[in-house]
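Going down the list, the sequences are from chains A and B. Here my numbering is used: position 60 in the first sequence is 60, and no number is missing along the way. Here my numbering is used: position 15 in the second sequence is 15, and no number is missing along the way.
Do not rely on the hints blindly, as some may be mistaken.
In silico DSS-like links for lysine-lysine, alpha-carbon gap of 25 Å or less [said to hold, decoys possible]:
hint: 1; chain 1: B; residue 1: Lys151; chain 2: B; residue 2: Lys172
hint: 2; chain 1: A; residue 1: Lys172; chain 2: B; residue 2: Lys172
hint: 3; chain 1: B; residue 1: Lys407; chain 2: B; residue 2: Lys389
hint: 4; chain 1: B; residue 1: Lys242; chain 2: B; residue 2: Lys230
hint: 5; chain 1: A; residue 1: Lys172; chain 2: B; residue 2: Lys180
hint: 6; chain 1: B; residue 1: Lys180; chain 2: B; residue 2: Lys242
Keep in mind that the hints were calculated from the coordinates and are not lab data.
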Amino acid sequence: MAQTPGTVLLNEMTNVFLILTTLAYLLSLGFYVHYLYSGREFAGRFGTLLLALGVVAHYFALLERSRGSHTVPYHDLYGSMSLFGWLLALTYLGLELYHRQRSVGAFVLPFILVFFLAAHLAPADRLAPPPARGPAFAFHVTLSILAYAAFALSFVVSMIFLAEARHLRNRKLGTVVWRLPSLELLDRMSRSSVLIGLISITIGTILGFVWVDRLTGQYSFYDPKYVITLFVLLLYAVYSWLARSAAWRGARASKLCIFNFVIVVLSFTVVNLYLSHSHRYF
Amino acid sequence: MEIVLVGLNHRTAPVEVRERVSFTTEQARRAAEELRARGILEETLVLSTCNRSEVYGVPPEASHESAVGLSSFLSEFHSVRPDLLSGSLYHHYDREAVRHLFRVSAGLDSMLLGEAEILGQVREAYRFAHEHGATGPVLNRLFQGALEVGKRVRTETELGTRPMSVASAGVKLAERIFGKLNERSALVLGAGTISEQVVEQLRSRGIAHLFVMNRSRERAEKLAQQFGGKIVGWGEWETALKGPDVVVASLSAEEPVLRREMLVRAMAARGNRALLLMDLGLPRNIEAAAAELYNVYVYNVDDLADIVQQNRQARESEIPRAEAIVEEHLAKFLSWQASVELVGLVEELRSRLRSERGAFLSSRLETMNHLSAADIRRIETLMDDLLKKLLLEPAERLRGERELRRKIQNVEALRDLFLRDREKL
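Let the hints inform the model, and build the full structure from the sequences given.
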């Protein structure tokens with residue numbers, strides 16, 4: 001029988017990685033904020049470096065924990081939230097390196113930190129393990145959570161877009177606005193992270209069906225999670241299309257992106273907790 | 001005293017004086033050569049920009065005379081009456097000269113605080129002087145320090161990052177919206193001083209296409225040639241507003257030329273691509289209501305001036321940080337200078353003591369006939385050991401310990417104490 005999360009938390013190695021991860025993320029946030037205000041290049045570089053260290057430590061924290069509990073890390077609320085935070089950090093890091101733009105870090109890091117810490121405050125869960133596991137299931141969960149992380153990132157970027165556009169329109173430019181990415185770049189960042197999300201959620205959902213098919217030999221279409229996931233997929237596909245189209249280009253597309261994420265959060269919370277019977281934590 | 005600086009800048013001299021004392025590169029080379037040929041300076045470097053003309057040098061003899069000689073050389077070289085120059089020229093020595101140069105290359109002494117060009121000009125002046133062999137160890141070290149200060153101030157402080165002119169504020173705004181401008185295009189309506197500056201800046205930021213529209217065809221052709229742009233016929237708004245991302249308007253017209261309805265149609269035609277309108281006309285060229293349109297950003301001269309004002313304050317708040325960098329490098333340079341001088345002093349002292357030792361021993365040992373040749377050699381070795389202990393070890397420490405060098409501020413005094421009495425002996 002697997003150990004309960006309570007005993008796992010006492011695991012010394014887990015604690016070391018926990019502290020390391022928290023420290024790295026906190027310091028990284030500090031450096032990113034400093035970078036945003038001072039514009040000093042070294043602060044930005046330290047932010048990135050510490051975030052990368054945090055990602056590594058976070059990975060080992062997840063690994064240690066799943067070893068301790070003899071299960072995949074996303075089997076419970078703790079795991080899925082922590083994994084979400086990790087994938088968000090990873091996606092952001094990728095986006096930062098791809099677009100060579102560090103000033104968004106200060107806005108993303110709080111989300112990563114909140115998910116990482118909240119995962120540890122979440123109540124221990126003793127749900128029976130899913131009936132079968134395997135690569136299809138693992139990829140289904142990981143890719144779905146990656147998609148949500150990418151959507152979360154596009155949400156943050158869209159919020160920054162709206163704030164910056166508002167400042168530019170009101171002709172009030174403080175220190176921070178000069179340091180933010182250009183509207184054009186924010187737009188591209190948002191679109192590229194939505195693209196990552198769309199690809200992952202599509203593959204993830206297909207794998208989910210494959211897994212259910214292997215497990216039970218039949219599809220069940222009664223789960224509201226399927227409906228809302230398809231809805232989310234559709235919404236983001238619409239966003240991807242509209243963000244390049246004439247009427248929606250710019251602030252409207254960003255608002256749509258923010259609205260979409262609200263639906264994702266609903267799917268994550270209301271649907272998972274009250275409506276769905278097979279999707280509790282992701 | 002080792003470094004001398006004589007010069008004038010925008011603060012001390014009006015443009016009529018500055019232009020008479022400025023150096024072309026050829027003149028700078030000639031002046032440096034003459035200064036060294038006449039023995040006024042051993043190392044020279046001429047820094048001449050539109051806001052300053054300065055001669056840095058290392059005189060053969062350390063004295064305030066060198067600045068006087070340098071001043072009269074300047075008035076002679078440029079055939080300017082000495083009394084005309086005397087009120088404008090400033091003289092600095094050593095510490096103050098070094099600090100002055102470091103502040104100059106940091107952009108702290110510039111007319112436009114923190115401007116970037118000066119660092120390039122300092123680099124170029126140094127490269128030129130170095131290539132012609134006008135500099136030596138002191139000026140090399142000094143100017144390398146100055147370039148380092150300039151670089152650090154620009155990377156570590158905000159002194160040079162924010163736009164400081166209306167034109168650059170407009171262009172930076174364009175970059176806020178569009179990112180890199182090398183795939184963007186701009187339409188220039190009419191012409192004016194500021195709009196020309198904006199176009200200049202847009203071009204330096206690599207804008208892909210420029211279009212020019214003007215009431216007079218003749219003027220449009222002239223502008224198109226000047227800016228390297230294409231002409232759009234007057235009044236063809238539909239086509240004119242469809243392509244460009246930035247519109248720079250400075251038409252002289254009683255009424256706004258770009259009306260809201262025109263821009264509504266234009267935005268529909270351009271598929272709502274963002275449009276930045278810079279209204280530099282007075283009275284304004286763009287109807288105020290246009291600013292409400294989706295994805296349209298309108299800035300007039302006052303808006304841009306406001307941004308410049310905010311940035312000026314932000315830049316000024318960075319001065320202490322830049323000054324701190326200057327002071328840090330000043331201390332570093334002075335410490336280096338002191339170490340070089342100290343090492344020289346110790347060498348001199350040692351060679352002097354060595355010769356004294358020879359004279360001293362031969363005079364004293366003359367009367368001691370009982371000593372064998374081996375004894376004499378031994379006594380010599382003992383005295384050498386003593387001198388070595390007394391002098392070599394401190395010399396080694398001076399090389400190694402920066403703090404010690406910092407404490408010994410006045411090498412000149414040491415020299416006076418140990419070596420100056422030689423002449424009297």
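Checked hints:
For a cut-off of 25 Å, the pair hint linking Lys151 (chain B) to Lys172 (chain B) stands: about 22 Å separates their Cα positions. A distance of roughly 14 Å separates the Cα atoms of Lys172 (chain A) and Lys172 (chain B); the hinted pair therefore holds under the 25 Å criterion. Between Lys407 (chain B) and Lys389 (chain B), the direct Cα distance comes to roughly 22 Å. Compliance with the 25 Å bound is thereby established for this hinted pair. Between Lys242 (chain B) and Lys230 (chain B) the alpha-carbon distance is near 15 Å, which keeps this suggested pair within the 25 Å criterion.
Distance check on the hinted pair: Lys172 (chain A) and Lys180 (chain B) sit about 22 Å apart at the alpha-carbon level, within 25 Å; holds. Between Lys180 (chain B) and Lys242 (chain B) the alpha-carbon distance is near 20 Å, which keeps this suggested pair within the 25 Å criterion.
Checked against the numbered hints given earlier, this structure breaks none of them.
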